[in-house]
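Using the hints, put the two chains back together into the complex; each one sits in its own frame.
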Amino acid sequence: MNHKFTNEEVTNLADKLLIGISEEEVKDIVEELTFVANSMNVISEIKEINDLKPLTHPFDLYETSLREDDEYEEGHDIEDLLSNADFTQGREIEVPKVVG
Amino acid sequence: MALKVVIGLEMHCELNTKTKVFSKSLNNYNDIPNSSVTAIDLAFPGTLPIVNKEAVKKAIKMALCLNCEIPKVLIFDRKNYYYPDVPKNYQITQNTKPIGINGKIDVEVNNELVPITIHDIHLEEDTASLDHYFDYSLIDYNRSGVPLLEIVTDPCIYCPEAAVAFLEHLRNIYKYTDCSEADTKKGQIRCDVNVSLKEENSTELGTKVEVKNVNSFSNVYAAILYEIKRQTELIEAGKNNEIIQETRRWDEESGTTIRMREKVESIDYKYYVDANIPKIKIEKEWIEEIKSEIPLLPLERKAKYIKDYNLSSYDSGVLVKAKEVSDYFEECLELGINPKEASNWITSQILGYINKHDVEIDDIFLTPKRLLNILNYLNKGTISSKQAKELFYLILDEKEEPEILIKKYGIEQIDNDEELLLIIQNILDNNQNQIEEYKAGKTKVFDYFVGIIMKETKGKANPVKAKEILLSKL
Numbered sequence: 000m001n002h003k004f005t006n007e008e009v010t011n012l013a014d015k016l017l018i019g020i021s022e023e024e025v026k027d028i029v030e031e032l033t034f035v036a037n038s039m040n041v042i043s044e045i046k047e048i049n050d051l052k053p054l055t056h057p058f059d060l061y062e063t064s065l066r067e068d069d070e071y072e073e074g075h076d077i078e079d080l081l082s083n084a085d086f087t088q089g090r091e092i093e094v095p096k097v098v099g
Numbered sequence: 000m001a002l003k004v005v006i007g008l009e010m011h012c013e014l015n016t017k018t019k020v021f022s023k024s025l026n027n028y029n030d031i032p033n034s035s036v037t038a039i040d041l042a043f044p045g046t047l048p049i050v051n052k053e054a055v056k057k058a059i060k061m062a063l064c065l066n067c068e069i070p071k072v073l074i075f076d077r078k079n080y081y082y083p084d085v086p087k088n089y090q091i092t093q094n095t096k097p098i099g100i101n102g103k104i105d106v107e108v109n110n111e112l113v114p115i116t117i118h119d120i121h122l123e124e125d126t127a128s129l130d131h132y133f134d135y136s137l138i139d140y141n142r143s144g145v146p147l148l149e150i151v152t153d154p155c156i157y158c159p160e161a162a163v164a165f166l167e168h169l170r171n172i173y174k175y176t177d178c179s180e181a182d183t184k185k186g187q188i189r190c191d192v193n194v195s196l197k198e199e200n201s202t203e204l205g206t207k208v209e210v211k212n213v214n215s216f217s218n219v220y221a222a223i224l225y226e227i228k229r230q231t232e233l234i235e236a237g238k239n240n241e242i243i244q245e246t247r248r249w250d251e252e253s254g255t256t257i258r259m260r261e262k263v264e265s266i267d268y269k270y271y272v273d274a275n276i277p278k279i280k281i282e283k284e285w286i287e288e289i290k291s292e293i294p295l296l297p298l299e300r301k302a303k304y305i306k307d308y309n310l311s312s313y314d315s316g317v318l319v320k321a322k323e324v325s326d327y328f329e330e331c332l333e334l335g336i337n338p339k340e341a342s343n344w345i346t347s348q349i350l351g352y353i354n355k356h357d358v359e360i361d362d363i364f365l366t367p368k369r370l371l372n373i374l375n376y377l378n379k380g381t382i383s384s385k386q387a388k389e390l391f392y393l394i395l396d397e398k399e400e401p402e403i404l405i406k407k408y409g410i411e412q413i414d415n416d417e418e419l420l421l422i423i424q425n426i427l428d429n430n431q432n433q434i435e436e437y438k439a440g441k442t443k444v445f446d447y448f449v450g451i452i453m454k455e456t457k458g459k460a461n462p463v464k465a466k467e468i469l470l471s472k473l
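In order, the protein sequences belong to chains A and B. The first sequence begins at 0 in numbering that gives the first Met the number 0 and counts up by one. The second sequence begins at 0 in numbering that gives the first Met the number 0 and counts up by one.
Just so you know, these hints were derived from the structure itself, not from any lab. Because the structure is a prediction, the values reported are computed rather than measured. Hints may contain errors.
[What the hints assert, rightly or not] Pairs of lysine-lysine, DSS-like flavour, derived with a Cα cap of 27 Å:
{"no.": "1", "chain 1": "A", "residue 1": "K15", "chain 2": "B", "residue 2": "K269"}
{"no.": "2", "chain 1": "B", "residue 1": "K78", "chain 2": "A", "residue 2": "K3"}
{"no.": "3", "chain 1": "A", "residue 1": "K52", "chain 2": "B", "residue 2": "K466"}
{"no.": "4", "chain 1": "B", "residue 1": "K3", "chain 2": "B", "residue 2": "K185"}
{"no.": "5", "chain 1": "A", "residue 1": "K52", "chain 2": "B", "residue 2": "K385"}
{"no.": "6", "chain 1": "A", "residue 1": "K96", "chain 2": "B", "residue 2": "K385"}
{"no.": "7", "chain 1": "B", "residue 1": "K211", "chain 2": "A", "residue 2": "K15"}
{"no.": "8", "chain 1": "B", "residue 1": "K385", "chain 2": "B", "residue 2": "K457"}
{"no.": "9", "chain 1": "A", "residue 1": "K26", "chain 2": "B", "residue 2": "K269"}
{"no.": "10", "chain 1": "A", "residue 1": "K96", "chain 2": "B", "residue 2": "K197"}
{"no.": "11", "chain 1": "B", "residue 1": "K207", "chain 2": "A", "residue 2": "K15"}
{"no.": "12", "chain 1": "A", "residue 1": "K46", "chain 2": "B", "residue 2": "K269"}
{"no.": "13", "chain 1": "B", "residue 1": "K197", "chain 2": "B", "residue 2": "K103"}
{"no.": "14", "chain 1": "A", "residue 1": "K46", "chain 2": "A", "residue 2": "K15"}
{"no.": "15", "chain 1": "B", "residue 1": "K269", "chain 2": "A", "residue 2": "K52"}
{"no.": "16", "chain 1": "B", "residue 1": "K71", "chain 2": "A", "residue 2": "K52"}
{"no.": "17", "chain 1": "A", "residue 1": "K15", "chain 2": "B", "residue 2": "K71"}
{"no.": "18", "chain 1": "A", "residue 1": "K3", "chain 2": "B", "residue 2": "K388"}
{"no.": "19", "chain 1": "B", "residue 1": "K388", "chain 2": "B", "residue 2": "K466"}
{"no.": "20", "chain 1": "B", "residue 1": "K185", "chain 2": "A", "residue 2": "K96"}
{"no.": "21", "chain 1": "B", "residue 1": "K303", "chain 2": "A", "residue 2": "K52"}
{"no.": "22", "chain 1": "B", "residue 1": "K269", "chain 2": "A", "residue 2": "K96"}
[Stated by the list, open to error] Simulated restraints on C-beta separations:
{"no.": "23", "chain 1": "B", "residue 1": "E180", "chain 2": "A", "residue 2": "S43", "range": "24 to 32 Å"}
{"no.": "24", "chain 1": "A", "residue 1": "K52", "chain 2": "B", "residue 2": "E284", "range": "22 to 30 Å"}
{"no.": "25", "chain 1": "B", "residue 1": "E180", "chain 2": "A", "residue 2": "T33", "range": "46 to 54 Å"}
{"no.": "26", "chain 1": "A", "residue 1": "G89", "chain 2": "B", "residue 2": "S311", "range": "49 to 57 Å"}
{"no.": "27", "chain 1": "B", "residue 1": "E68", "chain 2": "A", "residue 2": "V35", "range": "32 to 40 Å"}
{"no.": "28", "chain 1": "B", "residue 1": "E288", "chain 2": "A", "residue 2": "S43", "range": "43 to 51 Å"}
{"no.": "29", "chain 1": "A", "residue 1": "F86", "chain 2": "B", "residue 2": "E284", "range": "45 to 53 Å"}
{"no.": "30", "chain 1": "B", "residue 1": "G237", "chain 2": "A", "residue 2": "I18", "range": "38 to 46 Å"}
{"no.": "31", "chain 1": "A", "residue 1": "F86", "chain 2": "B", "residue 2": "E400", "range": "56 to 64 Å"}
{"no.": "32", "chain 1": "B", "residue 1": "S217", "chain 2": "A", "residue 2": "V94", "range": "30 to 38 Å"}
{"no.": "33", "chain 1": "A", "residue 1": "F86", "chain 2": "B", "residue 2": "E180", "range": "27 to 35 Å"}
{"no.": "34", "chain 1": "B", "residue 1": "R260", "chain 2": "A", "residue 2": "V35", "range": "44 to 52 Å"}
{"no.": "35", "chain 1": "A", "residue 1": "E7", "chain 2": "B", "residue 2": "E180", "range": "29 to 37 Å"}
{"no.": "36", "chain 1": "A", "residue 1": "S38", "chain 2": "B", "residue 2": "E299", "range": "52 to 60 Å"}
[Stated by the list, open to error] Footprint (simulated), chain B over chain A, 3 or more residues, beta carbon under 8 Å:
{"no.": "37", "stretch": "35–46"}
{"no.": "38", "stretch": "88–98"}
All C-beta atoms, glycine included, are put in the ideal place defined by N, C-alpha and C.
Extracted from the complex, chain B is given alone in its bound form (with noise of 0.2 Å):
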């Protein structure tokens, strides 16, 4: 029997405002334990929450780059649990009607468009959070109220890769659209994966399994193999009532999903709408506003270097994956570099150069504006592209501008003909056999000199140049 795998993904990502959702507290939840924490987080009595407008807008305008339906009224509803992460005893979040409802999107898996449709978006406060020692945990209110975003997509991806490729995908947007820094190590990013199995032609789904709180996007990649391999065998070896409802947990250490609680004991949240919040509209020209502000999106500005700039769909691909590089290398077309050896220098060297070191493109030395710099020095003749590649890495290693590291290192072409003149003759008077062995027509002799010439300069001759004389001379 032929199994078919169906996922379902939940994203939940903190949005990048000032303040919090319901409160002035900033939003600097990394800070020192509890110093970004007001009443209204910790629900004094007598306090209410006031929406901020930032967070409602970044809402929106994920919505609208996912193609959702934006309600026309704003409202958010509680959900009721008990856990010390939650001092109310409720979060605020929306289930009577979500801020994006309806939405779709493709993705990019192996070159092709893969369609993933969106269930709901909803904005919620998050809620604090606890670190768990061994007979006690401790509770830093910080995070409690930062406004977070919950994407839920439909059961509509059938395979890992392709639900890796959504997440990757929505945390560019959020990166493009700078509604969130959607950075998966300082916790930012959390998801929930629902996988299920069916039989490959039937329309019905499998019993679903959540595995909650996985916090990379490699672990919901194993997560989710893991899942497809521990269905199956129950399902092959005819054990399927044993695929029951349930919550289960990512465990890391040993790479396996653990059963939280069963489905059907599930916590009753008993969601109703927040009376201490007004109705709020939300008008149609406040929408399209935010709709003007969205940039152009990866797939689109990738779309975008192929048109116009001739560059192949990997190396444009390469360089929207993230938006800081892509920033990098159209502040490059600012200045004036030609975009294909932008690209080159970019996807082969610089990219290189940070995935080694482990650092991002907008903290290296090697501005957009120094690159030009070695380029002009490249163009000019004044340094060989060897050369070019030797003041990269010293301009990456130094941190000292090009001017500089030439004049220290000597980093300079020989350039002129009377002195490139000189050394050639000097070498050829050195090695009459292999001219001889030329003349008779052996003409890989021709690099063989070329060779000597570039060991005796050091690298330094310019090589068109060296190479036109070297052939008068021969």
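This is chain A alone, in the form it adopts within the complex (with noise of 0.2 Å):
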């Protein structure tokens, strides 16, 4: 893999992804990316790296066992929670209207 991200490929990425970025940040992504797509390059270079099954688990064991639905857990303190957020009313979060 050889590919060289620009400005408008990483612009138009986050339209789809819904999120607005400046220009300095498309910049700095384009060079994040950069970076992220020379490591791939060194990852490719294994021999018949596509012949490999993608890893998700390191080991097949399937031993967990599922989780009872006895025990319960109290709401986090409310207070604790909304100091997490810039803006909150009543007990909620307040973010710029987003219907999507």
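Structure follows, in structure tokens:
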């Protein structure tokens, strides 16, 4: 993979992801993605990599059990929760209007 | 050119577990905002989701009810997107190996069984709920992580009636199996509807339009009708190219669908396996155990009512339409009420009452036990059938025991021969002319006398006995 990212490509991607980014950020992201692409190139050099199944879990143990639906945990303290947000109203978090 | 509509449905329904699907927060999102929220729901760094067994069990149960193939291993995926309703910036869902695939179920549409094929069923987490105001939105994370089951059909439905019948049938299965309350009024069910038109004999599907987030079955019906009309008009005007693959939303106020975004510009969700959740083996024995817990489903109960109790197909259909009603009927039978009698009372009187007053059958004061009381009085002849109906409404309205109401309103049948004889003799003495008419062959006068007897006794005379005595006296 020898892909070179462009400003237009990043702007287009941001549009598709419904996020707005500044010109400055576009520049940074192009640089970051170029770094990622270069790292991927290193991996691509591994012989017969296309024949390998993607690894999602290091072990195929399947021994993990599911959680019983009996014990519950009280909700986190509301003041504590809201302190993470810049804007709040009552018990809720306020964000710019987004209808997607 | 004859056109045929092709419909595919995606139905999301919240499962009724005690806790959320990946955290131990309570699954009661209608509580005060942000009260059932823990670190996992908010995706705080270092937190790990742990899968709720009951949510998986209910998902498997639904997959079995829809005759799906169940995978051997449980795997979850991340669906990546940026929107304030997912604090993680991804939703945990199933893409690689859904909990059920290739299902099939028959639904009844206008007395005919129509097969619906299920593409897949996947278990996922619900997102936070957003309330939109003029220039801001408020987020309540209580709903984040509530187990949500999405059932996706193939494009195999060919009329809006079948689409709604399928959704109603699914809602019933959710209730019968106790997998969900499945209450559209509480926002527990949301549907996406895919509609396309094709030429009647063509094997190729037309361009698909998706109508998202329709929140009631009547709106699903209306949205399909609207899309059929809109797309037909475009095709007939030769503007086929104006039907594009896009996402629209149903606007209840205008009764139309409105474009949200074109599919070509759609978001790429970049699904990949969530490595934070280990792969979990689904044991065969567990699937068998879940299968054995599935109760009789609506159509099976209906068949049983027709076969075992000799009820009509129509009445049986009415009884099984809501699980609560069917349960009420079965409780009546357990108390020993005759099936036909129970069915008659439920389908006519009780359903009439609950529909008129917009109440649930479980909430009315007239329990099957109290209905049995009324029927006992009726069958013993203590009250007439007219009085039974009077008592029925009094119980519902005054929320009092039948015996108290009988005393309070003097609802009792005059059953005593001597008492009836006295009343009838008195009436006959005062109606000599009518007796002559009767004797001259005018038999209709008999009904006239019965009417007077009932009027004089305020409907309390036992009609059978009164008629017998009257006949002997004429």
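Going through the hints against the structure:
1. For a cut-off of 27 Å, the pair hint linking K15/A to K269/B stands: about 12 Å separates their Cα positions.
2. Only pairs whose Cα atoms come within 27 Å are accepted, and K78/B paired with K3/A is accepted, the gap being roughly 26 Å.
3. For the suggested pair K52/A and K466/B, the alpha carbons sit about 89 Å apart, so the restraint of at most 27 Å is broken.
4. Using a Cα cut-off of 27 Å, the hinted pair K3/B and K185/B is violated, with the two alpha carbons roughly 34 Å apart.
5. Restraint check: the Cα-Cα separation between K52/A and K385/B comes to about 76 Å, which exceeds 27 Å; the hinted pair is violated.
6. Under the criterion of a C-alpha separation no larger than 27 Å, the hint pairing K96/A with K385/B is inconsistent with the structure, at around 61 Å.
7. Between K211/B and K15/A the alpha-carbon distance is near 18 Å, which keeps this suggested pair within the 27 Å criterion.
8. Restraint check for K385/B and K457/B: satisfied, since their Cα atoms lie roughly 11 Å apart, inside the 27 Å limit.
9. The straight-line distance between the Cα atoms of K26/A and K269/B is roughly 23 Å, inside the 27 Å bound, and the hint therefore holds.
10. Between K96/A and K197/B the alpha-carbon distance is near 39 Å, which puts this suggested pair outside the 27 Å criterion.
11. Proposed proximity of K207/B and K15/A is supported: the alpha carbons are some 21 Å apart, at most 27 Å.
12. In summary, the hint linking K46/A to K269/B is supported, as the alpha carbons are separated by about 26 Å, within the 27 Å threshold.
13. Restraint check: the Cα-Cα separation between K197/B and K103/B comes to about 23 Å, which is no more than 27 Å; the hinted pair holds.
14. As the CA atoms of K46/A and K15/A are separated by approximately 34 Å, the hinted pair breaks the 27 Å bound.
15. For the proposed pair K269/B and K52/A, the alpha carbon gap of about 18 Å is at most 27 Å, so the pair holds.
16. For a cut-off of 27 Å, the pair hint linking K71/B to K52/A stands: about 19 Å separates their Cα positions.
17. Restraint check: the Cα-Cα separation between K15/A and K71/B comes to about 35 Å, which exceeds 27 Å; the hinted pair is violated.
18. About 82 Å separates the Cα atoms of K3/A and K388/B, which puts this hinted pair outside 27 Å; it is violated.
19. Of the supplied pair hints, the one linking K388/B and K466/B holds, its CA atoms being roughly 21 Å apart against a limit of 27 Å.
20. Of the supplied pair hints, the one linking K185/B and K96/A holds, its CA atoms being roughly 24 Å apart against a limit of 27 Å.
21. Between the alpha carbons of K303/B and K52/A the distance comes to roughly 51 Å, so the proposed pair goes past 27 Å and is violated.
22. A threshold of 27 Å between alpha carbons decides the hint, and for K269/B with K96/A the separation of about 25 Å falls inside it, so the pair holds.
23. Between E180/B and S43/A the Cβ separation comes to about 51 Å, which falls outside the hinted range of 24 to 32 Å.
24. In this structure the hint that K52/A and E284/B lie 22 to 30 Å apart at CB holds, the actual value being about 29 Å.
25. A C-beta distance of roughly 52 Å is found between E180/B and T33/A, which places it inside the suggested range of 46 to 54 Å.
26. Evaluation of the 49 to 57 Å hint for G89/A and S311/B yields a pass: the beta carbon distance comes to about 55 Å.
27. Checked against the given bound of 32 to 40 Å, the beta carbons of E68/B and V35/A, roughly 38 Å apart, stay inside it.
28. As the Cβ distance of E288/B to S43/A is approximately 47 Å, the hint placing it in 43 to 51 Å holds.
29. For the pair F86/A and E284/B, the supplied restraint of 45 to 53 Å holds, since their beta-carbon distance comes to about 52 Å.
30. Distance hint for G237/B and I18/A: a CB-CB separation of about 40 Å, consistent with the stated range 38 to 46 Å.
31. In this structure, F86/A and E400/B meet the distance hint of 56 to 64 Å, their C-beta atoms being roughly 57 Å apart.
32. Between S217/B and V94/A the CB atoms are about 32 Å apart, so this pair conforms to the stated range of 30 to 38 Å.
33. Against the hinted window of 27 to 35 Å, the Cβ-Cβ separation of F86/A and E180/B comes to about 34 Å, which satisfies the hint.
34. Between R260/B and V35/A the CB atoms are about 28 Å apart, so this pair departs from the stated range of 44 to 52 Å.
35. Range check, E7/A to E180/B: about 49 Å between beta-carbon atoms, so the 29 to 37 Å window is missed.
36. Checking the proposed 52 to 60 Å range against S38/A and E299/B shows it holds: the Cβ atoms sit about 58 Å from each other.
37. With 0 residues bearing a CB less than 8 Å from a CB of chain B, the stretch 35–46 of chain A misses the requirement of three and the coverage assertion fails.
38. Remark: the stretch 88–98 of chain A is confirmed as covered by chain B, as 11 of its residues place a Cβ nearer than 8 Å to a Cβ of that chain, reaching the required three.
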